Structure formats: structure tokens, C-alpha cells
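Quick mapping for you: the protein sequence lines, in order, are chains A and B. Residues 1 to 338, numbered by my numbering, are exactly what the first sequence covers, in order. Residues 1 to 684, numbered by my numbering, are exactly what the second sequence covers, in order.
The set of hints was computed from the structure by calculation and includes no laboratory data. Here the structure is a predicted model, which means the values were calculated and not measured. Virtual Cβ for every residue (Gly too), placed ideally from N, Cα, C. Treat each hint with caution, since some may be false.
What the hints assert, rightly or not - Beyond 10 Å from chain A on every Cβ pair, some chain B residues (computed):
1. V35
2. L239
3. Q378
4. F524
As the list claims (entries may be wrong) - List of simulated lysine-lysine pairs, BS3-like, C-alpha gap at most 27 Å:
5. K20/B / K251/A
6. K20/B / K42/B
7. K311/B / K299/A
8. K114/A / K492/B
9. K42/B / K292/A
10. K114/A / K47/A
11. K275/A / K20/B
12. K448/B / K114/A
13. K292/B / K292/A
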Amino acid sequence: MGQAGSGLSLFSLMTSIPEIEKEAQKELGLVKTAQDLEAFRVAYLGKKGRITGLMEHLKGLDGEAKKQFGIEVNRLKQSVQEAIQSKKETFEDSLPAREVFDPTLAPVLPQTGKIHPITQTIQEIVRIFDRLGFEMVQGPEIETEFYNFTALNIPLDHPSRDGFDTFYTKQGQHLLRSQTSTVQIRVMQQRKPPLRVIAPGRVYRPDAVDASHSFMFHQIEGLMVDEDVTFSDLKGVLHLFLKELFGSDTKLRFRPHYFPFTEPSMEVDIRWGKKGWLEILGAGTVHPNVFKQAGYDSKRLQGFAFGLGIERMAMLRHQIPDIRHFYDNDLRFLRQFS
Amino acid sequence: MKVSANWLKDFVTLNPPFEKIAEDLTLAGLEVKKVEPVPGQKDHLFEIEITSNRPDWLSHIGVAREIAAAQNLSFKAPEMPKVPNRPMPQGWKINLKDQEACPYYTGVYIEGVQNLATPDFMKDRLAACGIRSISLIVDITNYVLLETGQPLHAFDADLLSGQEIQVRRAKAEEKFTAINGQAYPLASHDLVIGDSEKAVALAGVMGGKDTEVSARTRNIFLESAFFHPRFVRHTSRRLNLSSDSSYRFERRVDPEGVDYGRERAIALIEKYAKPRFISAVVKAGQKPVLAKPVIHLSVQETVKKLGAPLKQHQILSILNRLGFDSKQDSAESVKVHIPSFRADVTEPVDLIEEVARIYGFENIPETLPVRAPAGVSQSPLYRLEEDARNYCAAAGCYETVTFSLISTHGLDAEKELAQAVGVNNPQNQELSWMRPFFWPSFCQVIQKNLSWGAQRIPVFEIANLYHWNAAKKSITEQRWLGIALAGKFREKSWLDSERNYSFYDLKGILSGWLEHAGAEEVCFREIEKSFLINPGAETITVNGEVCGYVGEIHPRKLKHWDVNVPVYFAEVCLENVLTAVSQKRIFAEIPKYPSITRDLSVTVADSVNSGVIEEEIKKLGKGIVTHVELFDLFRGGRVPKGYKNLAYRVIYQSLEKTLLSEDIQKVHSGIAARIVEKYQASFQ
Numbered sequence: 001m002g003q004a005g006s007g008l009s010l011f012s013l014m015t016s017i018p019e020i021e022k023e024a025q026k027e028l029g030l031v032k033t034a035q036d037l038e039a040f041r042v043a044y045l046g047k048k049g050r051i052t053g054l055m056e057h058l059k060g061l062d063g064e065a066k067k068q069f070g071i072e073v074n075r076l077k078q079s080v081q082e083a084i085q086s087k088k089e090t091f092e093d094s095l096p097a098r099e100v101f102d103p104t105l106a107p108v109l110p111q112t113g114k115i116h117p118i119t120q121t122i123q124e125i126v127r128i129f130d131r132l133g134f135e136m137v138q139g140p141e142i143e144t145e146f147y148n149f150t151a152l153n154i155p156l157d158h159p160s161r162d163g164f165d166t167f168y169t170k171q172g173q174h175l176l177r178s179q180t181s182t183v184q185i186r187v188m189q190q191r192k193p194p195l196r197v198i199a200p201g202r203v204y205r206p207d208a209v210d211a212s213h214s215f216m217f218h219q220i221e222g223l224m225v226d227e228d229v230t231f232s233d234l235k236g237v238l239h240l241f242l243k244e245l246f247g248s249d250t251k252l253r254f255r256p257h258y259f260p261f262t263e264p265s266m267e268v269d270i271r272w273g274k275k276g277w278l279e280i281l282g283a284g285t286v287h288p289n290v291f292k293q294a295g296y297d298s299k300r301l302q303g304f305a306f307g308l309g310i311e312r313m314a315m316l317r318h319q320i321p322d323i324r325h326f327y328d329n330d331l332r333f334l335r336q337f338s
Numbered sequence: 001m002k003v004s005a006n007w008l009k010d011f012v013t014l015n016p017p018f019e020k021i022a023e024d025l026t027l028a029g030l031e032v033k034k035v036e037p038v039p040g041q042k043d044h045l046f047e048i049e050i051t052s053n054r055p056d057w058l059s060h061i062g063v064a065r066e067i068a069a070a071q072n073l074s075f076k077a078p079e080m081p082k083v084p085n086r087p088m089p090q091g092w093k094i095n096l097k098d099q100e101a102c103p104y105y106t107g108v109y110i111e112g113v114q115n116l117a118t119p120d121f122m123k124d125r126l127a128a129c130g131i132r133s134i135s136l137i138v139d140i141t142n143y144v145l146l147e148t149g150q151p152l153h154a155f156d157a158d159l160l161s162g163q164e165i166q167v168r169r170a171k172a173e174e175k176f177t178a179i180n181g182q183a184y185p186l187a188s189h190d191l192v193i194g195d196s197e198k199a200v201a202l203a204g205v206m207g208g209k210d211t212e213v214s215a216r217t218r219n220i221f222l223e224s225a226f227f228h229p230r231f232v233r234h235t236s237r238r239l240n241l242s243s244d245s246s247y248r249f250e251r252r253v254d255p256e257g258v259d260y261g262r263e264r265a266i267a268l269i270e271k272y273a274k275p276r277f278i279s280a281v282v283k284a285g286q287k288p289v290l291a292k293p294v295i296h297l298s299v300q301e302t303v304k305k306l307g308a309p310l311k312q313h314q315i316l317s318i319l320n321r322l323g324f325d326s327k328q329d330s331a332e333s334v335k336v337h338i339p340s341f342r343a344d345v346t347e348p349v350d351l352i353e354e355v356a357r358i359y360g361f362e363n364i365p366e367t368l369p370v371r372a373p374a375g376v377s378q379s380p381l382y383r384l385e386e387d388a389r390n391y392c393a394a395a396g397c398y399e400t401v402t403f404s405l406i407s408t409h410g411l412d413a414e415k416e417l418a419q420a421v422g423v424n425n426p427q428n429q430e431l432s433w434m435r436p437f438f439w440p441s442f443c444q445v446i447q448k449n450l451s452w453g454a455q456r457i458p459v460f461e462i463a464n465l466y467h468w469n470a471a472k473k474s475i476t477e478q479r480w481l482g483i484a485l486a487g488k489f490r491e492k493s494w495l496d497s498e499r500n501y502s503f504y505d506l507k508g509i510l511s512g513w514l515e516h517a518g519a520e521e522v523c524f525r526e527i528e529k530s531f532l533i534n535p536g537a538e539t540i541t542v543n544g545e546v547c548g549y550v551g552e553i554h555p556r557k558l559k560h561w562d563v564n565v566p567v568y569f570a571e572v573c574l575e576n577v578l579t580a581v582s583q584k585r586i587f588a589e590i591p592k593y594p595s596i597t598r599d600l601s602v603t604v605a606d607s608v609n610s611g612v613i614e615e616e617i618k619k620l621g622k623g624i625v626t627h628v629e630l631f632d633l634f635r636g637g638r639v640p641k642g643y644k645n646l647a648y649r650v651i652y653q654s655l656e657k658t659l660l661s662e663d664i665q666k667v668h669s670g671i672a673a674r675i676v677e678k679y680q681a682s683f684q
């Protein structure tokens, strides 16, 4: 069959190349599917394809003619191959034919839950103090009079116990802690100074439940003890913390107050828009008697402590009007916070 | 406490605006809640909140002293009226039987008082402070109380039996009718004032109805005393009876004020009630004195504690303004005499606080601790808790915060609360148990959310649970994770069909979390729980340690909360999990060779549990089978009634070579044969 083509002149062979190339381009332009592309490939590059056919003529040529035609026919073959390849890639980028696609159908959300706003507030506060080197610790909620009162410099039968009305248990000489300050003593008994700890948790007081009171709520207690911790350090740490929690333009007021376990003691107020000054936390310098009860050297050591109500913080941060929302656990409430 | 500006002016100059005074007082620790004009009077009223350590502020004199100190004004200290020599009263005497409860008791007999009108200034000031005018004598005692802080009591002397005033404990079964008309049964701890027949006053708390002064009263016996705070407080609390008097005695009155208050009242009575005769004072006992009347304060210590650059002269100035007679002791120290009205000051730190609050907390600089933190460790339990919380939320559950106190609602109290810790004085009578489990709280949450139409109610909580060990007489309090799943796992959407939560979803969350937490082996073994459907409840064992349980809450229980959908419930002790799991994550070689997957499908009786067969496959394929998973469960069709078809995907893997079909064929057939034999199974 090779010899059979020898009848064609080099000239006609050479002119057929651009013709075939032109036709190939035209046909390839009309190719719309992968099947059509395969048919096209077979038509040009298959065993009986047009370009394959042209290659056959090489056998009938010699010398310069063979070389000249060879270059041209190979160029044509390569160009068609490349065209097929690039067409093929356009098909691979898109998907097989399918139904009409509607991207506006409702998205299918993963079913996730939420963390309770009380916990979120605790996490936020713990994170801030973590950056200041305070470690999170926890203590029991069922406590003894020693940890809840005596060790905190609150003597029996003292009017200062009025503010700490307390639940007592049926079994054993126990009570439900009325403040997280109990953890101060437990930590000091277990560890040597210096100390920087923060202790969140549940506390209990037999209060009537209303929009701002509950018989169970959460507090967070902070304690720092070292040889040279001052009242001015307490002011600095609290200001840093409250600015971090409520924003850098937060205005504070430090107001003297009375707590049996700190001296000097203070309440910290925060400027809250039209509401004016809002009491936000209690704090003070650790009372020497507290150090003595915990077995610390009250002459050598100084420290500060502070305590704040979590619910109050969360209510302020999220503008929640009623404390009872926290304990109702209505999912329509819980899913608002993240 | 309500404080009249006009009244204060008797002792200190008030420089308006009053709002500024209020602010200065507040920043000195005497919190003024509000200041406003008194309607119809040319007066202003301060509403002050007084901390329990400062009974000396419970008087106009005390508040005036504080204003003078805070604003650096001069304080017009009240002077003891000159007491003329008065004759001893005929027959009157005091029998002080309990000097602990009443260290100091005084009185005067006043004859022929006239029931004249209370002067206007007194009426106005009392009215401004919220005290209604009753009669001249009563008004004067109230006036002196508000001015000096010393409570007084006037008896109608003609209504007393005999002339001996007894200060004694109540007798057994003794009864007492107070001025408020209420009868109170007395206890032996109560201190009373008695005449020769009966109790005529509850000491420091309230006078008696029978001896009350009235418009007809002509002769009075006026009492001024120091009652011990503890006794007054005890009686007041026990009888739930408090008064302006008890409020002050409980907090400790100024012992010097006993005499001063009495003489101030006598002067007012003399002036306005025009009595015929005032006796000399009859008294018993001793004025209590301070344990430490002198304290030395170090300037250096003050500066070191506060971090403020205070000078000795500033400290001296502040303390003297507050009524502490203070002098330079050395270049570094100050000698401070504590006045009788400041029993709260017992050590140097108390004085440092006084200095700080008058110096002004706002004037103390803000600094940050200079030393590096001692450590940077994080509690492993807290970390486990945070991980559990994040896992549960990511798994679709909402975190709840429910009360730790529960009622007996829906519980068999005798059995289910046998190990619960009870509360003696619950605020709400129903909530009297510290919960030993989460499920009743969850039932309530589920009920609440079902009631508004929630379809999907997956919840969890991390909190302490409490158990009483009767044998050891001890309370265990541990951190637990509780989970409850109710309603739909997924609602119908355009893409997916709906599906309800199942027991297996809960086990999935538990297994997934425990694996995430570092558990190598999690096992579930059958147990019984009174509030779960049995059989079906299982314990959760992590690396051999029992950590909790899982099951479905019995409908018999759910009906107490009107919950009519299945509730799957689990709780896990975080502390147990923490000890059971490994904190370390060690790299395991990734297989270099491909694995082979074979299915194993068997038909067994319904009574054979799938987990048992799964365990058997693992056991028989030990070393080569790396994973077994049930992928199909089928009943009906060609499967006979009472039977089920279970299809497992079994993965074979070697770390040494590429497994060929021939390598595993024998093992796989062996497993199949063994299961057929052991569980009377057949291949389907």
C-alpha cells in the first residue's frame, strides 16, 4: 500500500497539509461531547485516520522530499494532538450532563449545639487571667463552716454572716458554699506561695428567685499571693481585666467596702451608659487572719483576692434582662449565644 | 439608713451641692444610694447603705464625723451634758444577773413628765428619717437613737411591779407580749428585763406591751444599756423580730454612748417634758473596754501594703480626722488610740484601710505585679472538661445549666435518693436534694422545650454530682458529664429524610468523645438502673475502669414530666475518665501494604446480640483483623420470623506484607464456621 501512494506528487501532499489542518480546526470547534471528541480523534489520528494516512506517504518519498514532508506532517500531528488534549481538559473540568442545577436551594447545615452563655463567660474570664498567669482551679461546692466562714475571718454569730445566708446539709456538718472564696483557703493549704489562681464555680444562697436573684448562681474567685503584691497591683490587674472584658474605654470606680476576708476591701463599679455606676465585683487585700488560717506567714506575704458574679457579667455583656433565662434552658435562648 | 442634712448640720458644716457630699461619702466607703429633698421641708435626705462592720455610722453623729474626715472639715463633737448632782431614787435598784449578756446597765427614774407636744424640729427630723411621731417621751428616745446610735427604752414606772429591775435570762415556758402586740414564747438563751413578776422587755430587741409608755404616763424608768451583740442577735433571729434597737445592739453600740445617750435624752426630757423630778443614775456592771486600745502603725508597712507614696504626716492627719487620737511614735511609726466606738479596729491592717479610704482609693496608683507567674500549668481535669464540652456541642448538643438542687418529683425517694445529700433549709421546700444524677433535670428541660414545639432536643451538662456514703459518713463530689437526647436527630429536609435520635447516636457520641479523649478501649456491659429500661442499660468502661452508664429513660419516669418521646441518657464521671485515659498520643505506623475487605453475613436468632458476634470476630481474627463494623441489619423477606440477618464489614491488614486472597480465605471461613457453630447461625 506504501507504493500505491507514490503517485501523489510532493506538491499535492504538501498542499493537503494546511487543508487538513483547517478542516480539523473547524471540526474540532463543533465537538461538544467527549464521545464526539473521541470520534474526531479516530477520524484524524486513528489507524485509518486522515493524518495517519498522510504518514503512510512518507514511505514513498526519499531524500529532501521525505525530510520536508516529514517535518510538516509531524507538526500537523502534534498540533492536532495538542488541540485534542486541551479540548479534553475542558470536558474533564465540567461534570457529566445532569438535571438543572439550582444553587439557591436551602443549605444543609451541620447539626451543632451551643455552649451555655454562663460557661462562655467563664471561659472568657479564665482566658484573660490565663494570659496574666492565673491558673484555673476548682473546689467542692459542699463545704464546711471552716472553709466558708471561719477561715475567711467570719466568726460565728457575727453580723457579717448575715450577708451569707447559707444552706446546710442533712448529713454531716456541711453546708453549700455561699461564695467561691472557699477555694482561696483550699489552694493555700495545698500549695506553697507564690500563687496566682482563678476559681469559677457554683454557689448557693437561700434567696428568693426573681429577675436578678437565684438560690444558685456562679462566681469566679481570683487570688494572688507573693511577697510584694500591693493594693495598687490589684487595681492595675482589675482594670486590665475589665477593659479586656468590656472594652478599652471602660470607666471604673474603686469604692471602699467591707468584706471580712480582705482589708482594705472595695467594690468596683463600672460606668454603664444611662444606668450610671454599676457594681461589678468585690476585691481587696488578703486579710492577715486569712493567711494565718491557711497556714501562711502573714508577716512575710501579701496578696489580693477578688470575686465576681458570672450571671451579672453575662447579663451585662448580652443584655439579658432576667437571670431566670440562664436556668430555663430554652433552646431558643441557648442558640443565641456563641 | 436615712440621714437628715439639717440634723447633720448640728455637727458639721455641709457645703452644697449635696451630690458632692454623697459622692465623697460613697468614695470613702459610706455608700449613699440617693440624696433628695425632703418633701415639704427645707431639708435633704441621704439614703445610706452601711456595712456591718461600722455600727458607729448608724447615727447622725457618726455620719457627720465621716463627712468631716472625708472633706477635711471640722467636726463639732457632741459634749457630755453637765450632770448635776441628783438624788438617788427611793427604792429603785438594778439586779444584773448576767454580766456576759449585759455588761453594763443604767437607768434613771423620772417623775411627773408632762405629755406635751413634740417640738416641730424633732417631729420634722424624725419624719424625714421615716419615724412616725408617737408621744413626746417615745419621740425623744427615737431621736436620741438616730442622733447618737444608742437605743433607749422608757418603761411606764407605774405599770412595773416593784422597783427592782432584773436583767436575767428568760425562765422556762415564760411568755412575753411585745409592744407590737405579738406574744412570743421565750427560751433560756433570751435575755429579758424583768420586774418582780414578769418579763417587761426583750433586752435590746423590744419593750413589753404591759409597761409601754402612753399619753397617761406620768412617771418613767429610762433604760440605757450595753447588751452583748450575740445575745440580741440570737433572740432577734430566733423570733424573727428586729427593731432599730436590735439592729444596733447586734452590731455593738458604743459603750461610752450608753452614758452619753442617756444624758442627752434626760436633757431633752427636762427641756420639753418638764418633769418634776429626775433621779440620779442607778447602774450595774462595767462598760466593756477595747482589748487593744492602742495600736502602733508602721508607715513603711502602710506604704508597702498599699503601693501608695504616703507620708507620716498624711497618715496622722487622716487618723486624727477620723477620731483616732494619733501621735508620732518614731520617724517610722504612729501611735494610735482607738476610740470606744471603733471596736472594729483591732490591728494595724484595720488602720491601713482607714488611711487608704480617706486618702482615696482613686489616688492609689494602678500597677501590675512585677514578678513572673510561678507556673503555667493547666488543670488536666479542666482540659478534659473543655474538650468534652466542645465535642458535645460539635456533636449537636446544647449545653444546659440546671439547678444542682432537685425535688423528689418523679423519683422513688427511698431507693433513688438513698445516697443523695439532703439540704436542711431549702429555699424552695421542694428542692431539698443535691442531685446524684442529671436525668430529672434533663427531663424538665426536655418537657419545657417540647412544650413550645422543639423537635430536636439534644442537651448536655457538665457539673458536680453528689453522693453520700453512709458507711464512711462522707460526701463524694465529682465532676460529671451528662447527656440526654430526645426527639429528632434530623428533621426532614429537601435533601434528607427525617430520623429520630436513637440509643446508638448516644453511644456514638460517647465512644467518639472517649476515643478523642485518649481511651484505647471503650466497653459497654449490661446493668440495671431503676429509672432506665432494663435490659438495655449499659455501663461504660474505659480501659477497664467503669466511668458511667447509658440507657433509655423508662416511660414510667418520663410521664411525670409529660414527656412522650424516648429520652436516651448517659452520664460519665470525668475524674474517672481522666485516670483511665492516656494523655499521650503516640504515633502508630501507617500500614505500607493494602488491606483486604471481606463481608460476613449471618442469620441469627433475635436473642443473639450483634455486639457479641462483633467481639467474636475480633477475637478469632486477632492479629490480622483490624476493623469490624456492622453495616446492615435485616429482618423479614427470606429471613425467618424471630431471626435477623447481620452483615459485617471485616478488614484484614498485615503490617509485614501485601495480603493475598489465599492468605485470608482460611481465617475468614474459620471465623464464619465458628460463628455458625457457636450461635446457631446460618449464612444467608
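*Assess, step by step, whether the Cα of K20/B is no farther than 27 Å from the Cα of K42/B, and give holds or violated.*
Between K20/B and K42/B the Cα gap is close to 19 Å, so the pair holds against 27 Å.
_Non-interface claim for Q378/B versus chain A (Cβ beyond 10 Å)_ = The claim is violated: Q378/B sits with its nearest Cβ about 7 Å from chain A, within 10 Å.
_Please verify whether K292/B and K292/A have alpha carbons no more than 27 Å apart._
19 Å, holds
*Taking only the CA atoms, is the gap from K42/B to K292/A under or equal to 27 Å?*
52 Å, violated
_No chain A beta carbon within 10 Å of V35/B's_ = About 14 Å separates V35/B from the closest Cβ of chain A, which puts it past 10 Å; holds.
*When you check the alpha-carbon spacing of K275/A and K20/B, does it fall within 27 Å?*
19 Å, holds
*Do the alpha carbons of K114/A and K47/A lie within 27 Å of each other, as the hint requires?*
Distance ~66 Å between K114/A and K47/A Cα, so the pair is violated.
*Is the straight-line distance between the alpha-carbon of K448/B and that of K114/A 27 Å or less?*
18 Å, holds
*Is K114/A within 27 Å of K492/B, Cα to Cα?*
22 Å, holds
*Does L239/B really sit off the interface, with its C-beta more than 10 Å from all C-beta atoms of chain A?*
At about 16 Å from chain A, L239/B clears the 10 Å cut-off, so the statement holds.
*May I ask you to check that F524/B keeps its beta-carbon over 10 Å from the closest beta-carbon of chain A?*
At roughly 23 Å from the nearest Cβ of chain A, F524/B sits farther out than 10 Å, so the non-interface label holds.
*asked:* Run the distance test for K20/B versus K251/A: straight-line Cα separation, threshold 27 Å.
replied: Status holds; Cα separation ~19 Å.
Of the numbered hints given earlier, the model fails hints 3, 9 and 10; all others are met.
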